[in-house]
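Participant: What follows is the residue order along each chain.
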Amino acid sequence: MTEERGDVSLEADIEEASYPSKRGAVKNSFFSARAGGLTLIAGPSGSGKTTLLLTITGVLKHLLQGSVKGKVNLAGVDPLTEEGFNEVPRIVGAVMQDPDKQLAMPTPYDEVSFTLENLGISDEERVWSVLRKYGLEEHAFKPVEHLSGGQQRRLAIAAALAHDPNVVVLDEPTASLDPWGIKSLRESLTQLLKEGKTVIVVEHKVRYFLDMTSRTYVIKDGTIIAEYGRDELLLANAPKKLLMMGIDALPPEAHIRDVSGKDREGKAIVSLDGVACGYGDTAVLEDISMELRAGEVSVLVGPNGSGKTTLLKCIAGLLEPLDGHVRVMGEDPRRTSIRPRGRLVFYVPQIPDYTFVSNSVESELKEVSKKAGVAFRDLVDIAPWIKEALHRPPYRLSHGQRRWLALSVGIAYAPKALLLDEPTTGLDLRFMGELRRLLAKAIEAGAAVLIATHDPRLVAEVADRAFIVDGRRVREVSVIDALKYLEEPLRES
Amino acid sequence: MTRSSTWRSRYASREGPVDPAVLFIYGLVLTLVLFIDRDALSLALIGVPNALIGFALGWRKYKVLIALFLIGFVGLAINALLLTNVGPAVLVVGPLIVRAGAVNTFVTIGLRITGIAGVAFLFVSLVDPALTVRSLERELRLPKGVCFALAYALRLIDLMSKDLREVQGVRVLRGYRSVPITPSDIKSVLTPLLSVGYERALWVGIAAELRGFRLRKVSKEPLRVGLREAIVLTLLALQILIALAGMLGYLQLVVPHTLH
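Residue numbers (the numbering used here), protein chains in the order written: chain A, 1 to 493; chain B, 494 to 753.
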């Protein structure tokens, strides 16, 4: 699809890039990117991928008070100088990792207008054409917080590229996207490459881009340690090579387990009977009847915004069903006498920070110990890194650690039903392994686990049963069918 | 959906009843007046109507914040009793003797913060953040950084309300009070909200700069004062006069001495 033939539009030779609080976050790294080519920077969480992007765009030096030793040439501009940094917005369209945290304006229309107005482009028709291009025209004046994760991601891309920049930089663009969103992203990238743009993607789930990249760099501990051309990456053993470096490159089928022999006679922990759930009087999902059994991991798959989170909240008793009955161990979770309610059912939200109540990991675990009746020592021993992080605020841990801690908090309550909302967003292979270990612990304790996800790999690795959100209904399918459902859009693209 | 060329007509369908710049002036000046004013009666005359309108307009979207604000009155009463409970006794409840000093402090500060909160809810309920940033920078010529920060703060209120609902949900599951009452509760609710808010602010700042915020050129426009804006400014002037009258002691002429 793409070959290395365009002009070099980015060359970065970084001797050392440091934050005020962390020296050498990136060091001894050289990479380049060409017009009309997709350059992939792959590496596990915390390897310095985002720092590298912040370095080449001048953000680290000019906005985060960091220091950079080295040279960057971005389409003839040096972003490390003040004048060069002023030119960066005209040249680059950058989309950061979490769309929810980079949208400044209240509606998609305002968000796209904001970029154009900043750059002195007063063209209303252009705003509409950008919104149309990214499928957001109908949502132009919808509050941004009412958009689904996938729509927010599309909006972040639309706003960053509204002024038609020559260099496009995307940080973990698939992090919160469903397969349909990834398909749409791939189509957008293909179009950008056809237009001769330089595309730089930072990602640890590289399999979505392997067929599109012209060059791939692997970064580990802040240093680029390997470089592959397009042909090398298409070799059969390339995904395994990347896997050895902690990068998720295998298709999900490679991880699928055989669940045919698994005992399906576990006790029903959660039962839903004709449930409708939603907000106000509006049902998002209706007529749902399903059971979750002890010792089983069920996955609930469906597109962004299809109502997966709403159903989880309904089962946890955080939303009252509009119709029907939710029972956990025969009790209505909203009216249970079990205290704390988390002993009956625990919901771990997509943003792990919502779970925490204390200002240090140590006091967080002490609180868990007090409320859940688990020995503090046992909690500290769950993971080797906990001891070193005891005095740090949970909010300052890495993304993977925060997610892990939130899940550990939930499991410590030994709930009969454990509900996880998109637990793998932004998680690399190492933390996927940790997640599997924690889930095994919950299963061993006899919990019924329900995971809302659109991550095919998670489905392949942990699911015993699968449910698909189909319109406003939920239906049970085989794990293989759930995987096919998630992989279909990617095959099409 | 209007698709005309000027920013004002483009946003016509979303414009509030009053120009955001005028509402901003109203809110800012009234807040200053309420800070300066120490007369209970003029504070009541200004604060209570603004609070009633502001809380009524904001109730649907900000009821949790309003509830938290009202809970804060418990703290205010305790402070007043602990620090200013002097003068003649006004009320005796068992061993507790409430004196004029405590009543005076509670009433004065209570009216002041109620008025300020009312004005704040009135402002955030009536303005659109995107319109505000344009209106303030073009009509009031405020620095674009200040306007952007203010507009984003307005947007953060909605985002934080959403975050608060999520935090409250998990607190219930973990066995904590959903509505914070003690200082420790408040701290444990505020910390995740501020943490998420800080991260949002940081990345929004970076994203805005990468999208050329520093290059933003602002065209000037005259302040739009129509009939409704004129009414708001007149009401503002009237309230300034009431505050002046209160501070200078003229309100004593028409109010029975016992109420003072």
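Incorrect hints may have been included.
Capping the alpha-carbon separation at 20 Å, the derived lysine to aspartate or glutamate pairs in EDC-like fashion look like this [unchecked claim]:
no. : chain 1 : residue 1 : chain 2 : residue 2
1   : B       : K655      : A       : E145
2   : B       : K655      : A       : E320
3   : B       : K713      : A       : E320
4   : B       : K554      : A       : D221
5   : A       : K441      : A       : D470
6   : A       : K371      : A       : E388
7   : B       : K710      : A       : D421
8   : B       : K710      : A       : D323
9   : B       : K655      : A       : D421
10  : B       : K655      : A       : E83
11  : A       : K371      : B       : D678
12  : A       : K370      : B       : D678
13  : B       : K556      : A       : E82
14  : B       : K710      : A       : D221
15  : B       : K710      : A       : E83
16  : B       : K655      : B       : D678
Partial list, computed: chain B residues near chain A (C-beta under 7 Å) [as the list claims (entries may be wrong)]:
no. : residue
17  : Y645
18  : I650
19  : M653
20  : E659
21  : G662
22  : S688
23  : I699
24  : A701
25  : G705
26  : K710
27  : R717
28  : L720
29  : R721
30  : M740
Have a look at the derived ranges for each label pair, beta carbon to beta carbon [stated by the list, open to error]:
no. : chain 1 : residue 1 : chain 2 : residue 2 : range
31  : A       : R473      : B       : I679      : 37 to 45 Å
32  : B       : G638      : A       : V477      : 18 to 26 Å
33  : A       : R392      : B       : L563      : 29 to 37 Å
34  : A       : A226      : B       : K554      : 23 to 31 Å
Don't read these hints as lab results, they were simulated from the structure.
Think of the CB as a built atom: it goes at the ideal place given N, C-alpha and C, for glycine as much as any other residue.
Participant: The structure should be examined with respect to each hint, and the outcome stated for every one.
Facilitator: Each hint tested on the structure:
Simply put, B:K655 and A:E145 have alpha-carbon atoms about 9 Å apart, close enough for the 20 Å limit, and the pair holds. Between the alpha carbons of B:K655 and A:E320 the distance comes to roughly 17 Å, so the proposed pair stays at or under 20 Å and holds. A distance of roughly 50 Å separates the Cα atoms of B:K713 and A:E320; the hinted pair therefore is violated under the 20 Å criterion. For a cut-off of 20 Å, the pair hint linking B:K554 to A:D221 is broken: about 46 Å separates their Cα positions.
As the CA atoms of A:K441 and A:D470 are separated by approximately 31 Å, the hinted pair breaks the 20 Å bound. Between A:K371 and A:E388, the direct Cα distance comes to roughly 23 Å. Violation of the 20 Å bound is thereby established for this hinted pair. As the CA atoms of B:K710 and A:D421 are separated by approximately 42 Å, the hinted pair breaks the 20 Å bound. As the CA atoms of B:K710 and A:D323 are separated by approximately 53 Å, the hinted pair breaks the 20 Å bound.
For the suggested pair B:K655 and A:D421, the alpha carbons sit about 16 Å apart, so the restraint of at most 20 Å is met. Only pairs whose Cα atoms come within 20 Å are accepted, and B:K655 paired with A:E83 is rejected, the gap being roughly 40 Å. Under the criterion of a C-alpha separation no larger than 20 Å, the hint pairing A:K371 with B:D678 is consistent with the structure, at around 15 Å. Annotation: proposed proximity of A:K370 to B:D678 holds, straight-line Cα distance about 16 Å (limit 20 Å).
Proximity of B:K556 to A:E82 is assessed by CA-CA distance (about 46 Å); at most 20 Å being required, the pair is judged violated. Between B:K710 and A:D221 the alpha-carbon distance is near 41 Å, which puts this suggested pair outside the 20 Å criterion. Of the pairs offered as hints, the one joining B:K710 and A:E83 holds, with about 17 Å between alpha carbons and a cut-off of 20 Å not exceeded. Distance hint between B:K655 and B:D678 is fulfilled; the C-alpha atoms sit about 18 Å from each other, no more than 20 Å.
With a least beta-carbon distance of about 6 Å to chain A, the hint placing B:Y645 at the interface is held under the 7 Å criterion. Interface hint at B:I650: violated, since its Cβ lies 11 Å from the closest Cβ of chain A, which is beyond the 7 Å cut-off. Against a cut-off of 7 Å between C-beta atoms, the interface hint on B:M653 is violated, since the closest Cβ of chain A lies about 11 Å away. Because the beta carbon of B:E659 sits about 4 Å from the nearest beta carbon in chain A, less than 7 Å, this interface hint is met.
The criterion of a C-beta within 7 Å of any C-beta in chain A is met by B:G662, whose closest approach is roughly 4 Å, and the hint holds. Using the Cβ-Cβ criterion of 7 Å, the hint placing B:S688 at the interface with chain A is satisfied: the shortest such distance is roughly 4 Å. Interface hint at B:I699: satisfied, since its Cβ lies 6 Å from the closest Cβ of chain A, which is below the 7 Å cut-off. At about 6 Å, the closest approach between the beta carbon of B:A701 and any beta carbon in chain A falls short of 7 Å, and the interface hint on this residue holds.
Hint status for B:G705 relative to chain A: holds, with the closest Cβ pair at about 3 Å, below 7 Å. Interface hint at B:K710: satisfied, since its Cβ lies 6 Å from the closest Cβ of chain A, which is below the 7 Å cut-off. For B:R717, the shortest C-beta to C-beta distance to chain A is roughly 19 Å, which exceeds 7 Å, and the interface hint is violated. The beta carbon of B:L720 is not positioned within 7 Å of any beta carbon in chain A (closest approach about 27 Å), and the interface hint is therefore violated.
A hinted interface residue such as B:R721 counts as satisfied when its beta carbon comes closer than 7 Å to some beta carbon of chain A; here the least separation is about 22 Å, so the hint is violated. Annotation: B:M740 was flagged as interfacial toward chain A, and the flag is violated, the nearest CB pair being 39 Å apart, outside 7 Å. A hinted range of 37 to 45 Å holds for the C-beta pair A:R473 and B:I679, which are about 42 Å apart. At about 52 Å, the beta-carbon gap between B:G638 and A:V477 misses the expected band of 18 to 26 Å.
In this structure, A:R392 and B:L563 meet the distance hint of 29 to 37 Å, their C-beta atoms being roughly 35 Å apart. At roughly 52 Å, the beta carbons of A:A226 and B:K554 sit outside the given window of 23 to 31 Å.
The structure shown violates the earlier hints numbered 3, 4, 5, 6, 7, 8, 10, 13, 14, 18, 19, 27, 28, 29, 30, 32, 34.
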